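Novice: Here is what each chain is made of, one letter per residue.
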Amino acid sequence: MSVVSENASEATQSPLIVWSQILPWIMASVLLAALPFVFGSGSALTIMNQMAITIIFALAYNMLLGQGGMLSFGHAVYMGLGGFFCVHLMNMVEYDNLWLPLPFLPLFGGLFGLMFATIIGLFSTRRAGTVFAMISLGVGELIAASSIIVVAFFGGEEGVSGDRTMGPTALGIDFASQKEVYYLTAFWLVLSALAMFLFSRTPMGRIANAVRDNEERAEFLGYSQRYVRLISFCASGFFCGIAGGLFAINFEILTQENLDLTSSGIILLITFLGGVGFFIGPIIGAIVFTMLQTVLSLYTEIWQLYLGVLFLMTVMFFPAGLTGLLAMHSLPYRLGKFSLLLVPYAKMALPALVLVLSSASLLELLFHARHASVGENEMTLFGITFDSHALTPWIVLVVLLVGSFMIVKRQAPSLYDAWQSANHMEPRS
Amino acid sequence: MNAPAIELSGLCKSFGTIEIIRDVNLQVAKGERHAIIGPNGAGKSTLFNLITGKYTATAGSVSLHGENVQNLKPYQINRRGLSRSFQITNIFPKMSVFENIRCGLLWSMGYKYSFWTLVNRQTKLTERTDEILEQINMTSRRNDIAGVLTYAEQRALEIGITIAGGADIVMLDEPTAGMSHSETDYIVDLIRTVTQDKTLVMVEHDMGVIFDLADRISVLVYGQFIASDTPAKVRSNEKVQEAYLGAAMEAEH
Amino acid sequence: MNRLSKLIVSAAIAGLMSSAALAADTIKIAFVDPLSGPFAATGAQGLAQYKFAADELVNKQGGVLDGQMFEIVPFDNKISAKESLIQLQVAIDQGIRFIVQGNSSGVANAITDAVKKHNKRNPDKQVLFLNYSAVDPALTNEKCNFWHFRFDANADIKMDALTDIMAQDPDIKKVYLIGQDYSFGKAVASAAVKMLGEKRPDIEIVGNELHPIGKVKDFTPYARKIVASDADAMITGNWGSDMVGLGKAVIEAGYKNPIYTYYAATDGITKTFGEDGKGSLRLVGEGQLNPPVSDRAIAYTKAYKEKNPDLDIGQPRIANVMEMLARAINDAGSATDMVAVANALEGMEHDSIWGTKVKMRAEDHQAIQDVHILAHTDDGVTFDFDNSGYGLVAENTVKMASADIPTTCKMDRP
Amino acid sequence: MSLIIVNLLDGLVTGLLLFMLCSGLTLIFSMMGVLNFAHASFYMLGAYFAYQISTYLGFWVGLLVAPFVVGLAGALVERYGLRRVHKYGHVPELIFTFGLALLIEELVQFIWGKSQMAYEQPPALDFTAFAIAGNAFPAYKMFMIFIAMGIFLLLLYILTRTRIGMIIQAALSYPHTVQNLGHNVPLIFMGVFGVGTALAGLAGVIAGPALGTFPGMAFQLGSIVFVTIVIGGLGSLWGALFASLLIGWLQTFAASYNIRFADIFEFFGFTPPVDMANSALRDLWTLTVPQIGPILPYLLMVAVLVIRPQGLFGRRET
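Residue numbers (the numbering used here), protein chains in the order written: chain Z, 51 to 479; chain H, 2 to 254; chain A, 18 to 431; chain V, 10 to 327.
Calculated from the structure, these hints are not laboratory results. None of these values were measured; they are calculated from a predicted model. Check before you lean on any hint, since a few could be wrong.
To be verified - What follows is a list of derived Cβ distance ranges for each label pair:
1. V:Trp-294 / Z:Val-88: 40 to 46 Å
2. H:Arg-81 / V:Arg-92: 43 to 49 Å
3. V:Val-194 / H:His-182: 34 to 40 Å
4. A:Lys-273 / V:Trp-294: 49 to 55 Å
5. V:Gly-174 / Z:Thr-430: 55 to 61 Å
6. A:Lys-273 / Z:Val-452: 26 to 32 Å
7. V:Gln-178 / H:Gln-88: 28 to 34 Å
8. Z:Ile-76 / H:Gln-77: 52 to 58 Å
9. Z:Gly-453 / A:Ser-311: 53 to 59 Å
10. V:Tyr-166 / H:Gln-77: 48 to 54 Å
Said to hold, decoys possible - Simulated coverage check for chain Z against chain A, where a stretch passes if three residues somewhere in it have a Cβ under 8 Å from a Cβ of chain A:
11. 342-353
12. 385-394
13. 464-472
Even glycine gets a Cβ: it sits at the ideal position worked out from N, Cα and C.
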């Protein structure tokens, strides 16, 4: 279930243009072009830029984890190094009269990421599995540590900052406004995503999957597993570098945190959360995670706790990630039995929502009761203000929690049955 | 070019202090169907792994068409025209049947590590893949995930992958192990068709299959060949009778 | 298709957030500091102090201008430069014009840089950056800018004060310097070498080393070197668990002389040192809690402790930030004309609740104030930290420290 | 000279402490094939539980009880979490433990807050055992050495002298065969995970007062534990012991001697750049060994993996 063969059905014939394949890309591009007209505020643009960068990074990471079966614990360094290189380029544009229009900057970030990935990959990709994972951890830690030591390149703790508006301009676009930066980022997002998508459809991309699934077999088909891994690794490094370049353009600063193990861990989390077996998995993961990180943290201090729970639940119950959860519904949909699910889902929706919200509220209440200032007993949840030290909210929440849990539990079998029959295939004639 | 397809001379392999293969010599002529038999633990799989580059020999040499392939990696040996299957089914279980075969074709059709061509656009590649699917009778399973096939189908698929690249030496490790009679017949037919004009080396336990397919048989016991001859002569060889066939017959019946 | 609907949903949430209505009757101040992650404790302390100071010192006095109230809006920057810039953008979108931040000079550098660019690119929505804790000297020297004000004494000023006091102690002959391997640790070490060299050339620097930040699990080997060097005093800029680890290891290894530090109090550190730290641990910093300087200070601190029994006034300067900002807004007659507010803050002289005069030096926007040497002890402690019975008592005071030290700042004024 | 002896002792403490974590991790990895990323989180839980218990019942009760509580928590995690993920393969298992590490850190902060805990060594051990040339060696460190040694000997005894030890040893060498021997594998897994995490918990209990009890303590130690067992060779207890001590001493001695890189470069005949302040290599020239001490293990690990992927003592290919 976890991995769907990507082009099992579409490999039949190969006309020049397959609309069903191209349409999503056109729609995504149109959507990206239209978004700033709906969400034009600076912060919305900033968050969307951040999302776009994370998407590229996560897709590049999934070239390794999902496509190539390599688990890296230190992948932030390739994005970070590409970014640092770009900030330095930006500063050379500002101070040394280097002629380099800003829109091309991410390409150089990519090339730098590629170069560095080649150096590291030459020895780290010799083996897959634990050895690769541990070397990636070691290299990640080494680069992160040296980023504080080697001040000349990494700028120490403050990092290196630059100004994107100092380059040659065309058509009066100097990238001072967030909107201009957004369109630049969106352009690179579509370009990189398309390139990575097509990469997975090349002989190299297919054989990377083969090595992931069965390296020994691939080796006896004429392919050196080591070169296959190395090329995947380098390609991933290239796209990470592009993400780094875009980061440099957006934030105009790179610091040690761009390289550290936390960033590397987060990208693993994002990719897995979205679903490693699907091309759009990392995209969904990046969007969800960025929303959680920037928006949820505005509302609650314990957002990381929720994130941790969400992540663990995903690993335990939906190892194919959020995308896998959506993909599970494609069979009922194709069988035309999706309607069977609607009623049980509708019945389940409210109690499940209450269950989630009441457990979160209980956590918030507990947290508030424990950690808020004395006298500040008032807290607000979902627009309702109440006293966190009084008994009533506790009772209400516990009753809601237990009640919704009972209903969910009672509904569960019928949902399960509906699910089974919706997925039931008529025997082939 | 009259060098034998495979030539082993003085081949030895030990793991630690244990000698598994002891001074093995063998020549397999071009176009010959050669079977290797022997009791369990005789070192048949080790020998296979030595020839295909999975293990490196402790002493001796392996030559393909007169070229020494000692110390070459499996993929390098494969590129010199040798392809193999495995004792335990070894396919790409998460990919479709079509893709499994196509992976077997990529290198031989010159795609190498290219990341500038799209596989689906390669008409010739698709056609050739479908031809092989036809050849192994799996066209109807074309778009199914390999992991859900029946055991016999997976074995057939593996043979398909093995021969897809057009290697002129094909090595099959127990292709019929664990199969029913009808399934075995199906696989034997398949092997016969797909290895026409090729050199075939196979390890097999099923004597029926061997006497059916093989031009010559080598008998491996305790890491050494005790006989290497035509099926009829091997069958009547006393040493073989004594050391192996009798025991094997007993064990299997 | 899934991708499309996902994007729409997420964008809708982004829209919700950005369209958050802003009330005109309050003046919002964005508190951008870590509220989650390893430095959240310090962030939470700061936030509580800001909320208290805004209420007690501004809102209860009738607010500013025609009765507008201060409201502190917390933004969790997770001590990350990137997140800080995002949250800064969110704050600006909510119409917030005052940014306070303090933890990590790296973040402060990112914010001051971003604020400068923002104000240049958006002259109609300019913001002020009030830095209450980041002490990297560069922020008010080569990296200074008109929109940044620092209310804490910077690392050089603190070292100046510390070496003034140390220079008067004839028993100090050998000094050991140790710090975290990053800009602040290096700044402390080089300032110490330079200033001790000027004030007491006879003092020998018996050790000057840096260790990786946040990575040393056991400080014992460093402690051994310090003990073996026979140092009469040691100076460290360490903070957080690096401070606790180093301090405990040194004391455990048998070191008995003074440990001069920048950050070794509250957030559980005072409690962790407890009796062990007594007699050796000394802090250099502004703000005198013990002995209390005035009834007003006592009342303020008491009220704070009543409201937040588990927290401490770890950054007394926060009271100054609130009072001085309120005065500047009143003087400028506007809470939206940032140039006017900044001009009002420039050169302002303020009588702090903590008994010192605070002068916001116009040339570099660095607050000049009294700096104290504070001893970790349980004797004469009116207000302890971590409810441990131990606290900081002022031993020595340098009046208006470094008022005469020049700055390299070349301020660009609008 | 006397300083070298003190350093040797200090390094021994660090190394043995590391070994207590590594031994549990090695057991878990050998038996279950799981690289438990959350291992150091159980170490942290040990310290926090012991702290909480010690505030009511004193240090000694905490020392006895906390490791059991941690082991119980570990067993529950195995039973209700890991076992469920097991069927998806090793990568999801690893990612599960990775997520678990995040969650435990958040839970600890949720319950105990973000500050340093005042978890103290017991008054009975709060004295100087002996001093070498002015360098005091606290009794508590002696106590740590004894506990760690005791655990090591106990493990050695169990592994070589008892039936369960034989099974575990068999699993160390032949991970696939134990299931065929008719042992209740799920129960053994749960037990091993519980014991492994209890060992980590015990390490936390005794390290908490010495190295500090704070939410970052797991992260600080987390990856170094991996590094150690990878260097020693996955699945090898002796390798874990060797690598733990090696890393303990490596870090102690690296921090103890201010060897300057400039001296090393000059020894090899390089000349320092004339304009040091503007040289691109200035950071390398001004570096000292203590600055890079904590990253030396990573360097060592990468070197070991490149040269000998199965680790120094490892027999299995990983």
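Novice: Against the range 34 to 40 Å, how does the distance between the Cβ atoms of Val-194 (chain V) and His-182 (chain H) compare: consistent or not?
Specialist: 36 Å, holds
Novice: Measuring from beta carbon to beta carbon, are Gly-174 (chain V) and Thr-430 (chain Z) in 55 to 61 Å?
Specialist: 58 Å, holds
Novice: Taking the beta carbons of Trp-294 (chain V) and Val-88 (chain Z), is their distance inside 40 to 46 Å?
Specialist: The hint (40 to 46 Å, Cβ to Cβ) is violated, given that Trp-294 (chain V) and Val-88 (chain Z) are roughly 54 Å apart.
Novice: Count the residues of the segment 342-353 of chain Z whose Cβ falls closer than 8 Å to any Cβ of chain A, and tell me whether that reaches three.
Specialist: Since three or more residues must qualify, the claim that chain A covers the segment 342-353 of chain Z holds, with 8 doing so at under 8 Å.
Novice: Okay, Tyr-166 (chain V) versus Gln-77 (chain H) on CB: inside 48 to 54 Å?
Specialist: 51 Å, holds
Novice: Should the hint that Arg-81 (chain H) and Arg-92 (chain V) are 43 to 49 Å apart at their CB atoms be regarded as holding?
Specialist: 47 Å, holds
Novice: Taking the beta carbons of Ile-76 (chain Z) and Gln-77 (chain H), is their distance inside 52 to 58 Å?
Specialist: Given about 44 Å between the Cβ atoms, the range is violated.
Novice: Would you say the C-beta atoms of Gly-453 (chain Z) and Ser-311 (chain A) sit inside 53 to 59 Å of each other?
Specialist: 56 Å, holds
Novice: At a Cβ distance under 8 Å, does chain A reach at least three residues of the segment 464-472 of chain Z?
Specialist: Check failed, 0 qualifying residues.
Novice: Can you tell me whether the CB distance of Gln-178 (chain V) to Gln-88 (chain H) sits inside 28 to 34 Å?
Specialist: Given a distance of about 29 Å, which is inside 28 to 34 Å, the answer is holds.
Novice: Does the Cβ-Cβ separation between Lys-273 (chain A) and Trp-294 (chain V) fall within 49 to 55 Å?
Specialist: 36 Å, violated
Novice: Are Lys-273 (chain A) and Val-452 (chain Z) spaced within 26 to 32 Å by their CB atoms?
Specialist: 59 Å, violated
Consistency note: the structure conflicts with the earlier hints numbered 1, 4, 6, 8, 12 and 13.
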